[in-house]
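Using the sequences provided together with the hints, build the complete structure.
Here's the letter readout for the chains.
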Amino acid sequence: MPPDLLNATILLGNYVVVPGVAYAAQLALGALGITLVFGVLRFANLAHGDLMAFGAMATVLATWQLQAWGVGLGPLPTALLALPLGILAAIAAALAADRLVFRFYRRRRSAPVTLVMASLGVMFVLNGVVRFIIGPGDRQFADGERFIVKAQEFKRATGLAEGLSIKTAQCLTVIIAIVTVVLLFRFLQRTRTGKSMRAYSDNEDLALLSGVNPERVALIAWTIAAALAAIAGALYGLDKSFKPFTYFQLLLPMFAAAILGGIGQPVGAIVGAVIVAFSEVAVTYAWKKFLYYLLPEAWRPDGLAQLLSTDYKFAVSFVILVLVLLIRPSGIFRGRVL
Amino acid sequence: MAVGFGQSWSLALAVLNLCLISALMSLAVNIQWGYAGLFNIGVMGFAALGGLAGVLVSRPPVPAAWAAGGVGLFIALLILIAAGGLALALARHLRRSRWRMLAIAIVMLAGLLGARAFFDPATDAIEAVEPAKTGYLGGLGLPIVLSWFAGGLLAAGAAFVIGRIALGLRSDYFAIATLGISEIVIAVLKNEDWLTRGVKNVTGLDRPVPYEVDLQQDPRFVDLVAVLHSRSLEALTGAAHEAALRELTVQFSSLFVKLCYAGLFLAALAVVFWLSERALHSPWGRMMRAIRDNEIAAGAIGKDVTRRHRQVFILGSAVIGVAGAMLTTLDGQFTPAGYQPLRFTFLIWVMVVVGGSGNNLGAVLGGFLIWFVWIEAEPAGLWLMQALTSGLPADSAVRAHLLESAAHMRPLVMGVILLLVMRFRPRGLIPADR
Chain A
33 MPPDLLNATI
43 LLGNYVVVPG
53 VAYAAQLALG
63 ALGITLVFGV
73 LRFANLAHGD
83 LMAFGAMATV
93 LATWQLQAWG
103 VGLGPLPTAL
113 LALPLGILAA
123 IAAALAADRL
133 VFRFYRRRRS
143 APVTLVMASL
153 GVMFVLNGVV
163 RFIIGPGDRQ
173 FADGERFIVK
183 AQEFKRATGL
193 AEGLSIKTAQ
203 CLTVIIAIVT
213 VVLLFRFLQR
223 TRTGKSMRAY
233 SDNEDLALLS
243 GVNPERVALI
253 AWTIAAALAA
263 IAGALYGLDK
273 SFKPFTYFQL
283 LLPMFAAAIL
293 GGIGQPVGAI
303 VGAVIVAFSE
313 VAVTYAWKKF
323 LYYLLPEAWR
333 PDGLAQLLST
343 DYKFAVSFVI
353 LVLVLLIRPS
363 GIFRGRVL
Chain B
24 MAVGFGQSWS
34 LALAVLNLCL
44 ISALMSLAVN
54 IQWGYAGLFN
64 IGVMGFAALG
74 GLAGVLVSRP
84 PVPAAWAAGG
94 VGLFIALLIL
104 IAAGGLALAL
114 ARHLRRSRWR
124 MLAIAIVMLA
134 GLLGARAFFD
144 PATDAIEAVE
154 PAKTGYLGGL
164 GLPIVLSWFA
174 GGLLAAGAAF
184 VIGRIALGLR
194 SDYFAIATLG
204 ISEIVIAVLK
214 NEDWLTRGVK
224 NVTGLDRPVP
234 YEVDLQQDPR
244 FVDLVAVLHS
254 RSLEALTGAA
264 HEAALRELTV
274 QFSSLFVKLC
284 YAGLFLAALA
294 VVFWLSERAL
304 HSPWGRMMRA
314 IRDNEIAAGA
324 IGKDVTRRHR
334 QVFILGSAVI
344 GVAGAMLTTL
354 DGQFTPAGYQ
364 PLRFTFLIWV
374 MVVVGGSGNN
384 LGAVLGGFLI
394 WFVWIEAEPA
404 GLWLMQALTS
414 GLPADSAVRA
424 HLLESAAHMR
434 PLVMGVILLL
444 VMRFRPRGLI
454 PADR
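Taken in order, these protein sequences are the chains called A and B. Sequence positions in the first sequence follow my numbering and run 33 to 370. Sequence positions in the second sequence follow my numbering and run 24 to 457.
The set of hints was computed from the structure by calculation and includes no laboratory data. None of the values given here were measured: they were computed from a predicted structure. No residue lacks a Cβ here, since even glycine has one placed at the ideal position from N, Cα and C. Any given hint could turn out to be false.
Quick list of in silico lysine-lysine cross-link-like pairs, BS3-like style, CA-CA up to 27 Å [to be verified]:
hint : chain 1 : residue 1 : chain 2 : residue 2
1    : B       : LYS213    : A       : LYS345
2    : A       : LYS320    : A       : LYS272
3    : A       : LYS275    : A       : LYS199
4    : B       : LYS213    : B       : LYS156
5    : B       : LYS223    : A       : LYS275
6    : A       : LYS275    : B       : LYS213
7    : A       : LYS272    : A       : LYS199
8    : A       : LYS345    : A       : LYS321
9    : B       : LYS223    : B       : LYS213
10   : B       : LYS213    : A       : LYS320
11   : A       : LYS272    : B       : LYS213
12   : B       : LYS223    : A       : LYS345
Now the in silico label distances, taken between C-beta atoms and shown as ranges [unchecked claim]:
hint : chain 1 : residue 1 : chain 2 : residue 2 : range
13   : A       : ALA231    : B       : ARG450    : 28 to 38 Å
14   : B       : VAL222    : A       : GLY243    : 50 to 60 Å
15   : A       : ILE207    : B       : LEU136    : 35 to 45 Å
16   : A       : GLY243    : B       : GLU300    : 36 to 46 Å
17   : B       : LEU136    : A       : LEU215    : 39 to 49 Å
18   : A       : THR190    : B       : VAL222    : 37 to 47 Å
19   : A       : ALA231    : B       : ASP327    : 34 to 44 Å
20   : B       : ALA114    : A       : GLN97     : 52 to 62 Å
21   : B       : LEU298    : A       : LEU323    : 36 to 46 Å
22   : B       : VAL222    : A       : ILE180    : 30 to 40 Å
23   : A       : GLY243    : B       : GLY361    : 48 to 58 Å
24   : B       : ARG193    : A       : LEU241    : 22 to 32 Å
25   : A       : GLU329    : B       : ALA151    : 23 to 33 Å
Written out as structure tokens, the structure is:
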């Protein structure tokens with residue numbers, strides 16, 4: 033391969049592929065939770081973003097405590113040890129919310145919009161609790177080796193002009209996300225409980241007739257969704273940094289991913305997350321240098337060749353959402369039309 | 024009123040003014056939710072558009088900026104329109120295939136890039152014009168009261184576009200779409216400095232009411248103060264009389280200005296309230312409620328549900344826009360970073376739910392009540408924290424943290440209020456009659 037082409041590929045890998053994959057993994061975990069809650073409980077849970085923040089907060093606090101005790105994992109971030117605690121905290125919060133708020137409306141068979149509104153209330157309570165406990169500011173909790181591949185070392189090793197850097201957090205995000213998703217799918221496909229959950233999501237009346245216990249299904253759906261939320265939240269915080277408000281802003285990309293994939297479809301949520309994440313990164317990336325390597329001199333662009341500034345990355349998810357609603361409201365995998 | 028006696032009349036009037044605006048917003052959300060069952064959680068975006076109208080209508084135009092970048096902006100706009108038109112034409116006339124999608128995508132991409140080629144230098148030129156003072160295009164230089172109408176129109180226009188896309192699907196998608204558009208509106212207002220000065224804010228907007236300083240110079244106003252306070256002034260003579268009169272004039276001028284605002288807002292609220300009441304009790308209002316209660320049945324007897332929904336969504340959003348413009352007028356400045364979903368979307372929803380959805384009087388009452396709680400939640404939270412932590416030593420870290428966190432009581436309190444009212448009094452303080 034000529035060096036220009038190689039350089040361009042590395043450049044793309046460094047600024048688009050690596051961050052895109054990590055972001056896609058985080059979105060996918062969040063979108064899976066949303067899609068599960070929707071499939072089983074039949075409402076769009078607006079509190080999901082703040083549930084992520086809550087789980088991440090618990091992880092951050094536990095990490096700090098572990099760091100104070102001097103417990104660590106060497107090159108790996110301490111947050112991995114703290115994550116189970118974060119998951120438990122998120123599950124506790126979700127189950128408490130279900131018991132105190134959602135169960136009442138579920139038993140009365142209220143209109144879905146009532147449940148959405150209640151989730152708005154839950155969202156603000158969670159948001160208040162998180163801000164109350166840890167404050168609204170930026171919190172760093174990553175430690176250990178920050179990079180697996182460093183840009184400088186990569187350049188030295190390969191002799192190329194462009195460097196590739198991969199953060200430990202990004203790599204961990206992808207590994208943990210894959211493990212989690214594999215476990216989730218095995219659970220849904222193989223176990224009796226997972227099957228009853230899918231049955232309930234497909235056809236509530238038939239599932240009830242076959243003896244599926246709706247309360248148990250709801251309980252398990254909340255548990256899984258909360259665990260996914262805590263993992264996604266902690267990984268996002270590890271990759272960027274923990275700030276309560278950002279999780280509210282993740283709500284839109286996550287919903288876009290869930291709806292794009294077909295709501296109620298776990299596979300769809302993952303595919304949707306990949307599409308949303310990569311469109312966001314690709315549209316806000318300044319392509320100038322990439323084109324510089326590939327195009328002949330006369331064609332090289334003057335500007336940054338950036339389609340949208342990064343301030344508008346949420347517009348990308350919105351446009352995707354709108355396009356799905358216009359063209360194929362049921363999503364790629366033919367989920368339920370709301 | 025209790026604030027008037029407890030704290031000060033000036034503060035009470037300030038709270039009252041914001042109560043009036045909140046009541047108008049909650050009336051607007053009540054039109055959308057209470058009449059038609061539309062779950063709009065993008066209130067913030069429409070309010071911000073109203074605020075933008077305040078700037079665009081009342082600020083004087085900046086000719087240097089227009090000269091620097093006006094042409095470039097215009098060309099960029101033309102290119103965008105041309106590309107959009109071409110894409111639409113391709114979508115209409117080509118057969119459905121992979122090539123059609125590709126052609127449309129290429130046209131859109133080329134249009135976007137072409138527009139940016141003109142847009143970027145133009146906006147850079149505009150923002151370079153005296154960036155400390157202007158650096159934006161300015162507005163029309165018209166009286167700011169006109170912006171109330173302009174704000175309504177702007178918000179209605181945005182609502183029309185969103186309504187075309189997201190209405191007709193079920194409520195959850197609509198909610199998410201409105202949430203998204205409001206975030207995008209705020210992002211645009213924060214970042215497009217050539218239009219709004221972004222986070223540099225636009226301050227010193229015109230006022231629809233006189234300035235305190237002018238009032239204090241006006242002999243007729245001073246006479247009015249003297250007459251109003253004649254009894255207390257009688258006892259004083261000479262220099263003491265003069266000083267006391269000046270003091271009272273300064274106090275009263277600030278009160279007077281706030282009263283003028285209150286009068287204007289009250290008038291606007293009264294007009295919208297009267298119109299909404301009339302609408303609610305008209306055949307149109309009955310039809311809306313029929314649609315809200317059972318969309319399928321209403322559709323079956325020949326009502327165009329989606330169209331009616333769009334109509335009521337546009338109306339309600341226009342009222343939110345008016346309220347947003349009023350808020351900017353009252354503040355005298357436009358601060359894009361000040362638009363928080365908690366304050367501008369969620370709070371309004373709590374007002375409607377607490378007041379009693381479907382009932383205009385309830386919405387107004389909810390607006391007053393919840394705004395009051397919102398204002399007082401922080402001092403109350405601080406007081407509570409102080410009371411709770413008074414047993415702890417003064418330098419305790421826990422105490423410092425708790426005191427610092429008192430400000431975050433607000434989302435918690437509001438969330439709990441919403442959940443409690445929904446659960447135990449779902450029809451609100453003043454239930455709507457069926």
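Please list, smallest to largest, the hint numbers that this structure does not respect. 16, 21
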